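Given the sequences, and given the hints that come with them, work out the whole structure.
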Amino acid sequence: MHGLCVEKRSLNGHGSLSWDLAHHMFVRAQCGKIAIVTNKPKELLSATRRQWMRIYRQGMREQASTLNTPRILELIQILSRMQAITFSARSLDDLLVADVTFASADDFVRIPPVCPTVYVTYGFEREKLYMLTSWMPKNGLVVVYE
Amino acid sequence: MAIIQLLDNAPLPQQLPCVICGEQITPDEAAAGLLDADNRQQFACNGHFWNSHQLITGWADFMAGERRRRTSNQFAFEYGEGIDARTLR
Chain V
111 MHGLCVEKRS LNGHGSLSWD LAHHMFVRAQ CGKIAIVTNK PKELLSATRR QWMRIYRQGM
171 REQASTLNTP RILELIQILS RMQAITFSAR SLDDLLVADV TFASADDFVR IPPVCPTVYV
231 TYGFEREKLY MLTSWMPKNG LVVVYE
Chain F
-13 MAIIQLLDNA PLPQQLPCVI CGEQITPDEA AAGLLDADNR QQFACNGHFW NSHQLITGWA
47 DFMAGERRRR TSNQFAFEYG EGIDARTLR
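Chains as they are written, first to last, in the working numbering: chain V, 111 to 256; chain F, -13 to 75.
Derived by calculation from the structure, the hints in this document are not laboratory data. It should be emphasised that the depicted structure is a prediction, and the values quoted were computed from it without experimental measurement. All C-beta atoms in this analysis are idealised placements derived from N, C-alpha and C, irrespective of residue type, glycine included. Since no wrong hints were added, every one of them can be taken at face value.
Facing chain V, a subset of chain F residues (Cβ under 10 Å, in silico):
no., residue
1, Ala(-12)
2, Ile(-10)
3, Leu20
4, Leu21
5, Phe48
If you want a taste of the chain V side facing chain F, the calculated C-beta under 7 Å gives, among others:
no., residue
6, His133
7, Gly169
8, Glu172
9, Pro180
10, Glu184
11, Leu185
12, Leu251
Chain F is nowhere near these chain V residues, computed Cβ spacing over 10 Å in every case:
no., residue
13, Ala157
14, Arg200
15, Leu202
16, Ser214
17, Ala215
18, Tyr232
19, Trp245
As structure tokens, then:
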């Protein structure tokens, strides 16, 4: 994984996986598309989208409660981007179409994600991790949940 | 919870600056965030990722600052050092 930044995360009692994912994704979604490697794509998608909408509503409250103009302008952009983001857990045919794609490691090995952020939520062979991150651009981030 | 590898596989620094609170933190306490105006990876304390208020306002302020910096870099590149939108008016 040369040229990539790697971060290890554990939940340590701070909410669920979907909660932590949505919070981390809030920041990384500004960089581009996201791939989430999971053995339960559909379940994790619905839980993460629910958390995503909670952060969106919190963002609306923050925007309404601040008088800081640059922050308001930035929040308007962030929130409109958050609203437009598309999620998908359908089996991959070709390149990633949605902004956030949930799939298994085998799917991503078959069609490696070309995106700046990959979240790995379950354990699998190290060779697969190298293969599925092989098309990530330099400056990319791999977040591995333990 | 830790940064275990940086982009160029260079040894991890002892301390990284948190872009939200400005504190120096160890890689164990850091989480990766956005790239700055110079395309360098920036980090924040893990604690800020667990607090929705700090997460939203902290990163919005960071992005606003980087947007300003990117614009002023662009002006400096196009018109020379010390020029901004006000002096061009």
